[in-house]
Structure formats: structure tokens, C-alpha cells
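These protein sequence lines are chains A and B, in that order. Okay, so the first sequence: first residue is 1 according to this note's numbering, each after it adds one. Okay, so the second sequence: first residue is 1 according to this note's numbering, each after it adds one.
The hints are simulated quantities; they were obtained by calculation from the structure and are not laboratory data. Source: prediction; values computed, not measured. Glycine included, each C-beta is placed from N, C-alpha and C at the ideal position. Watch out, some of these pointers could steer you wrong.
Listing some non-contacts, in silico: residues in chain A with all C-beta distances to chain B over 10 Å [claimed, not checked]:
#	residue
1	T58
2	N105
3	D110
4	L243
Output of the computed footprint for chain B on chain A, the stretches with three or more beta carbons under 8 Å from beta carbons of chain B [claimed, not checked]:
#	stretch
5	63-69
6	92-100
On the chain B side, residues computed to face chain A include the following (Cβ under 7 Å) [claimed, not checked]:
#	residue
7	M16
8	F17
9	V21
10	E84
11	R120
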Amino acid sequence: MALTRRQFVLGTALSGMAIVSRPLLANPSGTETVSAIARGIPSTGETIPAIGMGTWITFNVGSDPYLIDQRTRVLETFLTAGGTVVDCSPMYGSSANVVGAALENLQAHDRVFSASKVWTSDQSATREQTRSSLGKWGVARFDLQQIHNLVGWQGHLETLREMKASGEIRYIGITTSHGRRHRDLARIMETEELDFVQLTYNVLDREAEERLLPIAQDRGIAVLVNRPFQGGQLFRRFEAKPLPDVAAEAGVSTWAELFLKYVISHPAVTCAIPATSKVDHMQENMAALYGNLPNASQRQELVAYVRSL
Amino acid sequence: MRTDVWTTYSLQDLLMFGPEVYLRLCVRLNQDFWPWQLPVVVLGLLVPVLLGRPEASLRRLAWLAIASAWVLSGAGFLLTYYSEINWPAAGLGWAFVVQGVLLAGLGLRSVSRPLNPQGRRFQLVWWLTVILLPWVTVLESGTVQALAVFGLAPGVTVAATNLVPGALSGRQGWLLVPIPLLWLTFSAATFWTLQVYWLLVLPVVGLVMLVIGYWLSPSPAQSLDRQSAHHDPAHR
Ligand SMILES: NC(=O)c1ccc[n+]([C@@H]2O[C@H](COP(=O)([O-])OP(=O)(O)OC[C@H]3O[C@@H](n4cnc5c(N)ncnc54)[C@H](OP(=O)(O)O)[C@@H]3O)[C@@H](O)[C@H]2O)c1
Chain A
1 MALTRRQFVL GTALSGMAIV SRPLLANPSG TETVSAIARG IPSTGETIPA
51 IGMGTWITFN VGSDPYLIDQ RTRVLETFLT AGGTVVDCSP MYGSSANVVG
101 AALENLQAHD RVFSASKVWT SDQSATREQT RSSLGKWGVA RFDLQQIHNL
151 VGWQGHLETL REMKASGEIR YIGITTSHGR RHRDLARIME TEELDFVQLT
201 YNVLDREAEE RLLPIAQDRG IAVLVNRPFQ GGQLFRRFEA KPLPDVAAEA
251 GVSTWAELFL KYVISHPAVT CAIPATSKVD HMQENMAALY GNLPNASQRQ
301 ELVAYVRSL
Chain B
1 MRTDVWTTYS LQDLLMFGPE VYLRLCVRLN QDFWPWQLPV VVLGLLVPVL
51 LGRPEASLRR LAWLAIASAW VLSGAGFLLT YYSEINWPAA GLGWAFVVQG
101 VLLAGLGLRS VSRPLNPQGR RFQLVWWLTV ILLPWVTVLE SGTVQALAVF
151 GLAPGVTVAA TNLVPGALSG RQGWLLVPIP LLWLTFSAAT FWTLQVYWLL
201 VLPVVGLVML VIGYWLSPSP AQSLDRQSAH HDPAHR
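Just chain A, same shape as in the assembly (with noise of 0.2 Å):
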């Protein structure tokens, strides 16, 4: 994707964030003009949507056409509803091949920020890896490479920042997920250039708030936050219940928006990957892209309400 998104118009009272004009393709008459959330990345200011996708699981249905096609769908939701931000990983089986399937199908491979990462035990097999996520996915190059679970970390950052040098790379990052490795993570984002972390975040799991979200503030480093619906048990227990009186207040008006809305309203917080294999999912997911987000005192509203339920 390229450095300069068009669309999107810097500036907005929470640091780092970006308010995007485009057209909402819901709206009949197409003339409507909504701003989605947008947030920049703070090494280089380029700015992006602050909900993307992941395709843990979602995206793994191997060669079947029927399957295939259904989440070509699913993609082109999130990318008419104005998101681009992809993860992916050699770690999720099939994925990578359907999301390049899909790109193909959508002819969207300029459209996406992608996201991949290293997945290997072995620190010296950085770019051979990276060159075969690249096929599956049929683009020329990933905007961001990350290492996946701190896996062979060391070596693999080394290349990583001589692939970045080189152009080979637009960014570097590095995931952890289940708050695990926290303090390792938090080691390594206080000693190293990094561009981008991803960990998990939600409005349950609220560890990263402590130590990681803050750093990543001081060092400048963009978060993505992987599993903000907790692996969907968010819905599995919450979604029956009413939403909170201040949901309204708040932009909030499905359970969906509300977990994500409070995951992208932390300051620290760059961008969302919610994952799903559902068209209508993926719709409700998007409106979290756009309206109004909770503030400090209902972001504490909203939690405090879930963990009374």
C-alpha cells in the first residue's frame, strides 16, 4: 500500500489519530460522506484505519472454492468499508493462500496494508519465509513483517532491519498474544527500533494497559491488537445481555462495536484485527470504524458495566 492514503485527513484530538473521508458504499444514494477512525503509525506518520482484519482460523479453508469465495466476500466487505489493515501468518495454515486468492479475485492488492509475519525456530530462514508468504499472497512486498510470538526474535530482527533498510520491508514488528511474554516484549520494546507490536487487548484482558500500551506511547511504536473479541468468547458470554445505558453516548450500538470501541479508544492503541469468516459479522465489525468513541470516564463506564455482568 502506498505511504500517502488519499482519503485519509490528519488530526484529530487523540494523538496519532486521523479522521478518514470516504463514501459509505451502504448508504444508497452513495453520496454520503462519512469520516472513518483512522490513526497514524508514529514512526512515519503515515496514518491507518483503525480497524483492520486478521484471518486466524477465518481464513483457513484450504482449497475449498465454495469456502474460498465466501471469504473473498468477506474481504471485499471490509475493504468497501473502507479497512485495509490484513494480518496473516505462515503459522495459520491455508490463510495466506486464500487471502491471495481473494486479492486475486478482488483485484485488491494495492487496497491492503499487509501484515505478515516469521513463524521458524530457525533465525537464518527470515527472508526465505518471507518470500514464501509473499507468493501465497501475490504481493510484491509486505508493509509490515512481523515476528510472530518472539520466535528466534533476535536473528530474525537482525535481517528484518536489513530487509527494511533495503526496502524489502516497509515495517517491522512483533506480536506476543494471551498476555503471554509480556515482560519480555516490554524488554525488547524498551531496547530496539521497533515500528509496530501486536498484542492482545480487550475489554477483558486489560494487562497491556499496565506496562505495554504506555510504552509503546513513550517509544513511538504503533499497536495492533490481536484477539479483541477475546477468540469471539466475548460474544459467547456477553452477547445475549442488554448494552450499557451509556452505549448510546458513547458511539456504541451493538456489542461488536462496543469491544472494539474500546479497544481503538486507548490513545495507544493504533489499529484492531478482529477476525471473522461472516459477511455480516464483518459489517458490524466495520461500524466500529466510524462515529463517535467512548471517553476515559465511559471507557471505565463500559468496563465496569462487563465486569459486573
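Following the hints, put chain B with the ligand in place on chain A, whose structure we already have.
Quick look at chain B with the ligand alone, frame taken from chain A:
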């Protein structure tokens, strides 16, 4: 800092696909294999009859059918379809091929006599398994296209043929137990994690079949039906 790939994952994290995708594998297999499931199932239904026949050639055919069912579900379902979405399925696919070879080897060696004198019960249990068990995938998916056909779908193939180790004389039957047990454990863990509870019937029935196979075994020490074991000792 630890850099090992696997130690950071739990079983839940290793599940790489959803229930819909698994059930679609059955649908695709049936679509791609059609209409060959018809002769495969007919042969599968004939297996217990052939095993009890006095003609060695027919018994040989039955053993080859059992062995082929394993090879086919290993090379077909596991290696060709399932391994695309779940890496361990490739290893299991090869294990199924090995089990097919073992079954052929051990079966053909024991072909000098009909399987056992309690063929009626063996037949009945076998037929019930091959006819009823395939429907669990239909119940789970809601489409008849997902029918788990004997000889193609590993769950039903393993369940029915788990009657066989107990029916083999001597200790050799035990050689046939580890790979089915591995599959039963793997599939039970997968279905449990996927929360496709109807499909748990497959490994449960598979395990029950293994026990029933030994229970129906002609050995007086193992068989509850000592009466019939006494009647026809020469056929053991
Ligand atoms: N270490 C790492 O690098 C790491 C670790 C974990 C995750 N990740 C990345 O982060 C992404 C997101 O995490 P995740 O996939 O584990 O979990 P998640 O996004 O928190 O949850 C995904 C689950 O939520 C359900 N869902 C989504 N939208 C929904 C809606 N509107 N209503 C009801 N249910 C909905 C999905 O089911 P449906 O399909 O039915 O919608 C799916 O089961 C991953 O896909 C992956 O790209 C990275």
C-alpha cells in the same frame, strides 16, 4: 528468552480451523468421489460376510477391502483434504496407509480359516456401524452431502474396522491397535475443541468397537459367549 516454537501454545491455540470448514471436507470428498462411494459401501457391507466364508479367496478379498478402506481414507480424506487445514492430518494420513499395509499383511496371513464362529454378531455390529454412524456428520452439518462414508471418511472406517483386531487370533491383533487409538484420541480432542459434539460419537463408537471386537473374540478367556466358543473350536 525462550524461542521454542511450540511451548507457547495450548491445545486450543493449535486448532487452526472452524467446524464449518471441517464439515465441508466431507462434502467435498463426497462430491469429488461420486459415484464411487456406492461400490465402496457395498464392498464394505460385504466384508463381514466374506470374512466368514469358507473360500480363502473371498476372505482375502475382505481383508484387502479393509486394508484399502484405511489406505483410501488416509490418502484421500487425510492427506488430500484435511492436511490442507490441519498439519497433523498429514502424519495421520501416512499412519493410515501404514495401518492399511499392516491389515493387509496380518489379514492375509490369517486367511487360512474363517474369522470366527460368532460371525452373526460381528456382522450385525459391523453393519450397524457402517449404516448408522455415517449420519453423525449429517446431523452436525445439516446436509446429507456431508455423509461420512465407510472407506472414505476416517471416523467410520476406523470404527467399523476396530472390530477386527480382536477377531485375529494370537497377539498379532494388538499390532493393529496403536494407530486406531492415536486417531481416536486425536479426533476426540479435535471435535471437543471444535465443539462439534455430534461428531464425538465417532471416536466414542470407535473405542466401543475395539472393546466389542475383543469381547466377540472366540477365545474362551475373552469371550462372554463361551457357549459358541465351545461349539466350534476348530474355527478359532
Ligand atoms: N501471536 C499473534 O501474532 C496472534 C495471536 C492471536 C491472534 N492474532 C491475530 O489477531 C486476529 C484476531 O484474533 P482472533 O482471531 O484470535 O480472535 P478475535 O478476533 O477476538 O475473535 C474472532 C472470533 O470472533 C467471532 N466474531 C467476529 N466478529 C463477530 C461478530 N460481529 N459477532 C459475533 N462473533 C464475531 C468470529 O466468529 P465468526 O467467524 O463466526 O464471525 C471468531 O470466532 C487473528 O485472526 C490473527 O490475525 C495474532
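Violations among the numbered hints, reported as their numbers in ascending order
1, 11
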